[in-house]
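Q: So the protein lines, in turn, are chains A and B.
Just so we're aligned, residue 0 is where the first sequence starts under numbering that gives the first Met the number 0, counting upward by one.
Just so we're aligned, residue 0 is where the second sequence starts under numbering that gives the first Met the number 0, counting upward by one.
These are calculated hints, taken from the structure and not from any lab test.
You may find that some hints are simply not true.
No more than 30 Å apart at the CA atoms, straight line, and that leaves these computed lysine-lysine pairs for BS3-like [as the list claims (entries may be wrong)]: (1) A:K113 to A:K127; (2) B:K116 to B:K1; (3) A:K113 to B:K1; (4) B:K1 to B:K103; (5) A:K155 to A:K140; (6) A:K96 to B:K71; (7) A:K42 to A:K13; (8) B:K103 to B:K116; (9) B:K64 to A:K96.
Simulated DEER-style distance windows between Cβ atoms [said to hold, decoys possible]: (10) B:N25 to A:F125: 52 to 60 Å; (11) A:G147 to B:K1: 36 to 44 Å; (12) A:E120 to B:D115: 52 to 60 Å; (13) A:G236 to B:E70: 31 to 39 Å; (14) B:F118 to A:H150: 39 to 47 Å; (15) A:V189 to B:D69: 49 to 57 Å; (16) B:N17 to A:Q84: 19 to 27 Å; (17) A:E231 to B:M0: 38 to 46 Å; (18) A:V189 to B:M0: 55 to 63 Å; (19) A:E231 to B:D122: 35 to 43 Å; (20) B:N26 to A:D242: 29 to 37 Å; (21) B:E70 to A:E141: 41 to 49 Å.
Where a beta carbon is used, it is the ideal one built from N, C-alpha and C, also for glycine.
Residues per chain, in single letters:
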Amino acid sequence: MDDNELIAESYLEKARGIITEVEAGNFEAADKLVEDLSRFRDKSLFQELGKLTREFHDSLNSFRLDARLAELTDIEIPDARERLQHVINMTEQSAHKTMGVIEDLLPLCEDLDKQGGDILELWRRFMKRDMEPQEFRDLCKEIEAFLGDQHGGTVKIRGGLNDIMMAQDFQDITGQIISRVITLVSDLEVSLVKLIREGGAIMDEAQAGSTRKEQDERAKLDGPQVPGIDSEGAVSGQDEVDDLLSSLGF
Amino acid sequence: MKILIVDDFSTMRRIIKNLLRDLGFNNTAEADDGQTALPMLQAGGYDFLVTDWNMPGMTGIDLLKAVRADEKIATLPVLMVTAEQKREQIVEAAQAGVNGYVVKPFTAEVLREKIDKIFERVDA
Numbered sequence: 000m001d002d003n004e005l006i007a008e009s010y011l012e013k014a015r016g017i018i019t020e021v022e023a024g025n026f027e028a029a030d031k032l033v034e035d036l037s038r039f040r041d042k043s044l045f046q047e048l049g050k051l052t053r054e055f056h057d058s059l060n061s062f063r064l065d066a067r068l069a070e071l072t073d074i075e076i077p078d079a080r081e082r083l084q085h086v087i088n089m090t091e092q093s094a095h096k097t098m099g100v101i102e103d104l105l106p107l108c109e110d111l112d113k114q115g116g117d118i119l120e121l122w123r124r125f126m127k128r129d130m131e132p133q134e135f136r137d138l139c140k141e142i143e144a145f146l147g148d149q150h151g152g153t154v155k156i157r158g159g160l161n162d163i164m165m166a167q168d169f170q171d172i173t174g175q176i177i178s179r180v181i182t183l184v185s186d187l188e189v190s191l192v193k194l195i196r197e198g199g200a201i202m203d204e205a206q207a208g209s210t211r212k213e214q215d216e217r218a219k220l221d222g223p224q225v226p227g228i229d230s231e232g233a234v235s236g237q238d239e240v241d242d243l244l245s246s247l248g249f
Numbered sequence: 000m001k002i003l004i005v006d007d008f009s010t011m012r013r014i015i016k017n018l019l020r021d022l023g024f025n026n027t028a029e030a031d032d033g034q035t036a037l038p039m040l041q042a043g044g045y046d047f048l049v050t051d052w053n054m055p056g057m058t059g060i061d062l063l064k065a066v067r068a069d070e071k072i073a074t075l076p077v078l079m080v081t082a083e084q085k086r087e088q089i090v091e092a093a094q095a096g097v098n099g100y101v102v103k104p105f106t107a108e109v110l111r112e113k114i115d116k117i118f119e120r121v122d123a
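Okay, chain B solo, but in the shape it has when bound (with noise of 0.2 Å):
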């Protein structure tokens, strides 16, 4: 399972990276923002997103408009981690079809919750 972490923030990339590896996912990448991380999700090989919202460049809302615009990885399970909390942007962002919503801060037990959630559904 290789997932790639994408936040402009080093410290919460590194925070998000120690609580996926606690939860047993050891195969992480890092991205800065949604220009970087397209074309590495394009080359293939990653089974889950985790993104923030709110990054220079391409927000994480763009990026997951264009991964499910993109037939080769439209099908991506895709966790948004922001500290964007309005309910028209948490309505946009199910609407562009994000798998998980969390909001900053959050703790431990709340990302490893999602995450299951998410891989149940997906592997259901």
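So here's chain A without its partners, still in its complex pose (with noise of 0.2 Å):
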């Protein structure tokens, strides 16, 4: 018997009550039965409104949980993007501006390279007195130009490592961006969750794997390999690569 064929019962009950009362006569006993009757009807009316009230509030608080998911796939998400996208930016900035100093300190120390080891092999004869006193003088002049240009290109090397040095200082904010973002798909995946338990949806194994299917063939390239992430089928470095290459012949 459920609720409502209980409280039917009840009032059923009351009202042939009410009836037999006044047919004996008995108007205090009935009137008594007609106020217990609306007691009873003021109790079943309270009930329901608890009933809604609690309907109410869980209805609330999944909207509070949908708005969540909202927040995050509206504004969070498109946010981490961007902010994925500025480390690729600030990455690839910083290995430019390694790379130019690179660049421009090379020819510099190739110079100063080659000047020395001239002056050396002047200086090696020098000390074997297989020189002419004009030679030497030239290599007294070469000498001090070499110390120099050795002096400057000291000063422009040591500017260059201070500038590639200053150039890893993306790390410290890369990091931190990217640690965002891993919280913000944690959150993400707990509402997910959330959201299924709730709604009681059972994820299909079959159209799940049909979704993979339509994956592009990009996607489906695994990547770089993140330490701490087995990634099956994967060789673990050049070495293994060499050895498969080599069963294959090459």
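Put the two chains together into one complex, using the hints given.
A: And the structure:
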């Protein structure tokens, strides 16, 4: 017997009681029964109201959950996409800056190396007393010019090394950005799991499989291997690549 | 010796370009995916191709297959430099006719070694 049947039964019982008492002429008892009946009606009204309030509260809660999901998808995911794009840009800039300095400094190093080598050769001849006085005078001038070049060059190299060091400052910022995106992804996961639980949705394995197949060819690629995350069927480095290729006759 | 470097990341192209210059190869050109690279190769004048795998437009493996299918450039030596490390992918590249396979991150030594090996074989 459900709630409604119980209520109907009580109403009927009381209504029959009223008829019986009125027919018997017991108006006082009939009045009391009418009062009971109205009290009973108030009670079930309050119960119904309570139920509605609970439902409303639950709806509000699930709405809040949906609002969090909406916030995640509307604001935070696009935001995260931008932040990750920013990470790409920053790391790209840093790599270019570093390589720019290296490209500037390498010719300078090669030049100093060559000058030093030439002077060393002449100096060794001088030490063996295999040198004319005029040649020695020229050597002295070369040495003086070289020392000047070397001093200037060293200052430049030191500046460049500092620039390279400073170009690594992206790591701190990109590390923070990536950490925040990791947190966001975790939040999204929690919200989705809650939503699935609340909605009672059941993940259809077959459906999941077909969605996976729809991914484009590029997305199927694994990309760089991340330490600590095992990827099935991946080699662990160049040595294994070489072994595999030589087993194929390379 | 003219070399075409194909990678969607400009920094990686720059690293490879600098490493190749260090190895004595000064004549290099760059492309950011297979679609841009293929007409450059078909126009002729290239002796060696260094390509990434995962690129938008046309991937490195499709570029390799297109090169091998075009009789004018079918014998061009190709070195794959990629972060893809799945066995099945390495086997696929080998079957498509790649001459060398280097996984990222790589060292200058590894690149030098693979290039030397490719030219030893090509010259033999």
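Q: All hints, please: hold or fail.
A: Evaluated hints:
no.	hint	verdict
1	A:K113 to A:K127	holds (22 Å)
2	B:K116 to B:K1	holds (17 Å)
3	A:K113 to B:K1	holds (28 Å)
4	B:K1 to B:K103	holds (23 Å)
5	A:K155 to A:K140	holds (23 Å)
6	A:K96 to B:K71	violated (39 Å)
7	A:K42 to A:K13	holds (15 Å)
8	B:K103 to B:K116	holds (18 Å)
9	B:K64 to A:K96	violated (35 Å)
10	B:N25 to A:F125: 52 to 60 Å	violated (37 Å)
11	A:G147 to B:K1: 36 to 44 Å	holds (40 Å)
12	A:E120 to B:D115: 52 to 60 Å	violated (31 Å)
13	A:G236 to B:E70: 31 to 39 Å	holds (36 Å)
14	B:F118 to A:H150: 39 to 47 Å	holds (42 Å)
15	A:V189 to B:D69: 49 to 57 Å	holds (52 Å)
16	B:N17 to A:Q84: 19 to 27 Å	holds (26 Å)
17	A:E231 to B:M0: 38 to 46 Å	holds (40 Å)
18	A:V189 to B:M0: 55 to 63 Å	holds (56 Å)
19	A:E231 to B:D122: 35 to 43 Å	holds (39 Å)
20	B:N26 to A:D242: 29 to 37 Å	holds (33 Å)
21	B:E70 to A:E141: 41 to 49 Å	violated (58 Å)
Consistency with the previously given hints fails for numbers 6, 9, 10, 12 and 21, ordered from lowest to highest.
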